[in-house]
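S.K.: Here is how the chains run, residue by residue.
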Amino acid sequence: MLTGLAASPGLAVGPARRMVPPPELPATEPAVDDAAAELERATKALDEVAESLEATAAQASGEAAGVLAAQAMMARDPSLRASVQRAVDAGRAAPWAVRIAVGQAQEMMRAAGGYLAERASDLEDLANRTIAKLLGVAMPGLPQPEDPDEAYVLFAGDLAPADTATLPVDKVLAIVTERGGPTGHSAIIARAAGIPAVVSCPGAADVADGETVIVRVQVGETAEVVRHPSEDEVQAAEQQRADLAARLAGSSGPGSTADGHRVQLLANVGSVDNLEAISGDSDAEGVGLFRTEVLFLDRAAAPTVDEQRDAYRKLLAALPGRDVVIRTLDAGSDKPLAFVQLGDEPNPALGVRGYRTASVQPQLLTDQLTAIASAAAETAANVRVMAPMISTPEEAAAFVEQARSHGLPSVGVMIEVPAAALRIDEIADVVDFVSIGTNDLAQYTFAADRQLGDVAHLLDPWQPGLLQLIARVAEALRRRDKPVSLCGEAAADPLLAPVLAGFGFTSLSMAPTAIPAVRAALRELTLEQCRERAERVLAASSPAEARAAAKS
Amino acid sequence: MAGNTFQLEVTVGSRVGLHARPAAAVAGAAAEAAQRGVGIRIAKPGADPVDAASILGLMSLGAKHGDQVVLSTDADDAEQAEREVRQLAELVARDLDAPDAETAAKQEPAQP
Numbered sequence: 001m002l003t004g005l006a007a008s009p010g011l012a013v014g015p016a017r018r019m020v021p022p023p024e025l026p027a028t029e030p031a032v033d034d035a036a037a038e039l040e041r042a043t044k045a046l047d048e049v050a051e052s053l054e055a056t057a058a059q060a061s062g063e064a065a066g067v068l069a070a071q072a073m074m075a076r077d078p079s080l081r082a083s084v085q086r087a088v089d090a091g092r093a094a095p096w097a098v099r100i101a102v103g104q105a106q107e108m109m110r111a112a113g114g115y116l117a118e119r120a121s122d123l124e125d126l127a128n129r130t131i132a133k134l135l136g137v138a139m140p141g142l143p144q145p146e147d148p149d150e151a152y153v154l155f156a157g158d159l160a161p162a163d164t165a166t167l168p169v170d171k172v173l174a175i176v177t178e179r180g181g182p183t184g185h186s187a188i189i190a191r192a193a194g195i196p197a198v199v200s201c202p203g204a205a206d207v208a209d210g211e212t213v214i215v216r217v218q219v220g221e222t223a224e225v226v227r228h229p230s231e232d233e234v235q236a237a238e239q240q241r242a243d244l245a246a247r248l249a250g251s252s253g254p255g256s257t258a259d260g261h262r263v264q265l266l267a268n269v270g271s272v273d274n275l276e277a278i279s280g281d282s283d284a285e286g287v288g289l290f291r292t293e294v295l296f297l298d299r300a301a302a303p304t305v306d307e308q309r310d311a312y313r314k315l316l317a318a319l320p321g322r323d324v325v326i327r328t329l330d331a332g333s334d335k336p337l338a339f340v341q342l343g344d345e346p347n348p349a350l351g352v353r354g355y356r357t358a359s360v361q362p363q364l365l366t367d368q369l370t371a372i373a374s375a376a377a378e379t380a381a382n383v384r385v386m387a388p389m390i391s392t393p394e395e396a397a398a399f400v401e402q403a404r405s406h407g408l409p410s411v412g413v414m415i416e417v418p419a420a421a422l423r424i425d426e427i428a429d430v431v432d433f434v435s436i437g438t439n440d441l442a443q444y445t446f447a448a449d450r451q452l453g454d455v456a457h458l459l460d461p462w463q464p465g466l467l468q469l470i471a472r473v474a475e476a477l478r479r480r481d482k483p484v485s486l487c488g489e490a491a492a493d494p495l496l497a498p499v500l501a502g503f504g505f506t507s508l509s510m511a512p513t514a515i516p517a518v519r520a521a522l523r524e525l526t527l528e529q530c531r532e533r534a535e536r537v538l539a540a541s542s543p544a545e546a547r548a549a550a551k552s
Numbered sequence: 553m554a555g556n557t558f559q560l561e562v563t564v565g566s567r568v569g570l571h572a573r574p575a576a577a578v579a580g581a582a583a584e585a586a587q588r589g590v591g592i593r594i595a596k597p598g599a600d601p602v603d604a605a606s607i608l609g610l611m612s613l614g615a616k617h618g619d620q621v622v623l624s625t626d627a628d629d630a631e632q633a634e635r636e637v638r639q640l641a642e643l644v645a646r647d648l649d650a651p652d653a654e655t656a657a658k659q660e661p662a663q664p
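Quick note, the sequences are listed as chains L and P, same order.
Take the first sequence: its position 422, counted from the start at 1, is 422 in our numbering, and no numbers get skipped.
Take the second sequence: its position 88, counted from the start at 1, is 640 in our numbering, and no numbers get skipped.
This list has only true hints and no planted wrong ones.
To give a feel for the contact side, a few chain L residues facing chain P, derived at Cβ under 7 Å:
id : residue
1  : 66
2  : 69
3  : 70
4  : 73
5  : 77
6  : 78
7  : 79
8  : 105
9  : 108
10 : 112
11 : 116
12 : 300
13 : 301
Here are the simulated distance ranges between beta carbons:
id : chain 1 : residue 1 : chain 2 : residue 2 : range
14 : L       : 394       : P       : 600       : 46 to 56 Å
15 : P       : 596       : L       : 89        : 25 to 35 Å
16 : P       : 647       : L       : 541       : 49 to 59 Å
17 : P       : 597       : L       : 15        : 50 to 60 Å
To be clear, the hints were calculated from the coordinates, so they are not data collected in a lab.
In this text, a Cβ means the ideal position worked out from N, Cα and C, and glycines have one as well.
When you get a sec, could you build the whole thing from the sequences and use the hints?
M.R.: Next up, the structure:
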């Protein structure tokens, strides 16, 4: 049995299929007799790769289509072709010429930095495809099983963004990677698609193509890949899977405990394009966190009020009568904006970010609130706004006053800073609701960088220190009969959901695919049972003890 | 008529700048113009021009929304040259992000 890190929960049984690795150039380069013919070979391979990318792009949609179309254009790029020709003229064989030309372009892109540097990997993929064609070896990338309908467990070193863009989510039963972290690209994609995933799994490279494996992942507990399972083990796993599926299929409608105590189940949404995800199977009750950053990133100037209003209106118009919580701009730190000059911050996570941005550029927040209020007035959704990274009751009061002056009826703040959690009583007095961002609250409470794998154990949402802080916030809001929500990884944990209900949370906001399992978990217990569990969990002295306490 | 250069300054209209989808659209149109005999270059004012039909060249300009860029050509047929450049300029000035593309090429931000 192999173990790794849990990236996305679930259970799967099926044949292993490996990503085809990029082709390697042979050790010796053949001599070229006919440079003209060699150039024609390279040109033909690039053309064929461009054509196949264009065909795939035509079948894809959204972001994937854009990436693929741009990649196809790169294969046809005259400057790239000119570099290939120069290399062939200098006597290089076609595969080597492609490698050299792409290397030069990548160097230029990496030197330019930023967005362009990230696109260098698109070019790498292009080179690999072209070279595979020229060498006559299997196309690198997703496996192509002989039976095109076969569902499989995908094994890879790590997944590139381009792989995940074209991932056939209906065929992939589970994902196992040798590298990558629980918050990396593969993990995010797997969670979004509801596919179980194990990352950083040593030994995954040894699993042979076609071998049957069982993948079992419970976030925070197990992340295992069973090799060579016995007939009985396979049957038991399949039975367990069927039971789980039946339980989730029976799960729809609003969230509540067994005795009907309501806990709203809401979706985290990053862009208007993701809205389909919240209708459909997840049956979310609304949006508990709409991130507005995508409107602002990668731009030279801030979006105008009109442009923002159009985007918010599109969101709100799609959700009449439902709750939609819009978070104001959460920029800075790892999401810098070109038009907000913050200078060099030695510790960006502790710098001018979230609501603090408004102290540097007040117009940004004013424009955003104007646009939200205007879109809200034209639509029938139940709009709430909240500010990220609030540290003091004064900041909370100032934000509430400003948002209300725009005519917004329901104004809240996010609790991500320990100081705000400690002064929650004063904050709860002035706001209409609060929402806890557990990932940042954990990072700041434990002084542990979210992006650092070595401190991941401190960021476990089951850490008693974090749970006590969370419970304290929920209790303050419960006493005032005001809504309190939790958004972040922790909200998606079915074992934690009843505990959070016991703390007094009135809504949980998560990736839409996580909703059915959380809904099913809540329905199994009465509110009283949830409270009993919550009490036992609070008395635990370690994450493991807290988990154990939540199980009975 | 070598040395007869037609050039036009234009403001980038795409909200994400000349990246990804907009760059692909502009490069595609410039490649078509080149096939009709009008090779068009693009540059930031005062900088070295690149082939507008090269998506890699376009992206390396790093032209953002609102930036000025200069389109130019040395094509022989002055009338056709001007027409082609104006056509391409119109494309550069337009917002080439389809409404559903405002988040294109953007990864989902980290969880809160």
